[in-house]
Amino acid sequence: GAGVSQTPSNKVTEKGKYVELRCDPISGHTALYWYRQSLGQGPEFLIYFQGTGAADDSGLPNDRFFAVRPEGSVSTLKIQRTERGDSAVYLCASSLGPTLSGNTIYFGEGSWLTVV
Amino acid sequence: QKEVEQNSGPLSVPEGAIASLNCTYSDRGSQSFFWYRQYSGKSPELIMFIYSNGDKEDGRFTAQLNKASQYVSLLIRDSQPSDSATYLCAVNQGGYQKVTFGTGTKLQVIP
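Chains as they are written, first to last, in our numbering: chain A, 1 to 116; chain B, 1 to 111.
Some hints here could point you the wrong way.
Said to hold, decoys possible - Within a straight-line C-alpha distance of at most 30 Å, the following computed DSSO-like cross-link-like pairs (lysine-lysine) qualify:
#, chain 1, residue 1, chain 2, residue 2
1, A, 11, B, 106
2, B, 42, B, 106
3, B, 42, A, 11
4, B, 42, B, 56
5, B, 98, A, 78
Hint data in this document are derived by calculation from the structure and do not stem from the laboratory. Small disclaimer: the values here were computed from a predicted structure and weren't measured.
Chain B extracted, bound-state conformation (with noise of 0.2 Å):
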């Protein structure tokens, strides 16, 4: 089983719509979550982190976070084509410092 685990898709939606997208992580004892946006040839950058259970906003993003499923998810909403990019979940497990990242769900807003 992978330490984090994302559907590569692509995730299509039209313009305006809610996307949402998953992640699971195997480490019942991860603490901090992190949602990356990466654009093709570009370096991941920061959208959200996440630590406590429940629902997170920022702006058109929320991330939601529960734990006993070992589950964590973000939504965007009123997408935009400019949100097309790869959205990488990654997962600070316990005890460790290092961020272990999922293979990313790309996707693709359609105008």
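Bound conformation, chain A alone (with noise of 0.2 Å):
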């Protein structure tokens, strides 16, 4: 597609409940990545996928938080049993391939989540 795209854009759950947010890259991006921003923060590193594998997932704030990317495209993070904490925008990015290598990432237009 033209640009990363992201869905849902608003999602509200209640505390406890199981969260999937879905991420569809810029066609021929081989890197994506996941990142969360609260209000007045920078966005916050959670998950790296170089193709298919997560070459980075050091940002994973616990094990209640999962991401697969299985055709190396599309990408879902999942979040389980909810928490108020989990509430911020969960921004999406791709770049053309890796970059230590000179690409750079592109940001969709986010997940905003409310945990109530």
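Dock the two chains into a complex; use the hints.
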């Protein structure tokens, strides 16, 4: 697609529920990132995929968070037993290749998650 | 020490002036440096990237990198009210693919 597409754009869920957030990267981009941004903060790194594999998941806050990218394109971020502290904007980004090779990352519009 | 540090602001400049935004980073092995602009309620958009020491100019924007001082800055010449936004500094730490962001500096350009 022309840009990074994220769905849903807004999600309100009850504490304890399970949530899935979807990301469709720019066509041809092999690298995919998930970030989380709280109000007044910069984006916080969660996980990075190169192709189908999670090359760096060091930013996932705990085992309630999990992400997959089974075919190397669309990715899903999964959050189990949601807590009010999970409320944030979840940003997906993609790049043509690894950033260390000189590629830059482009963000989607984000999924605004509110846990009540 | 935070990996990427920015003054949160707000930084207020009059229209037409030069806005100077600064960022320091902790990992001396960092290789790539980015400036993103983020309007309220929107996602970050890339303004510039820089890899080598010195200045890089693109229109009204100039990025400056000093690896010895672990310092990167963004200058915006002839500031316009439409430049009012939060500016995020981001760094690709050495050896890692992830890009780490600062908390951002809020810029207000006063007409």
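Given the hint that residue 42(B) pairs with residue 106(B), test it: the Cα-Cα distance must not exceed 30 Å. Distance ~14 Å between residue 42(B) and residue 106(B) Cα, so the pair holds.
Do the alpha carbons of residue 98(B) and residue 78(A) lie within 30 Å of each other, as the hint requires? holds (20 Å)
Are the Cα atoms of residue 42(B) and residue 11(A) separated by 30 Å or less? Roughly 16 Å separates the two Cα atoms, so the pair holds.
So if I understand the rule, the pair passes when the alpha-carbon distance is 30 Å or less; does residue 11(A) with residue 106(B) pass? Roughly 27 Å separates the two Cα atoms, so the pair holds.
Residue 42(B) paired with residue 56(B) [C-alpha distance capped at 30 Å]: holds (26 Å)
Taken one by one, the earlier hints all hold for this structure without exception.
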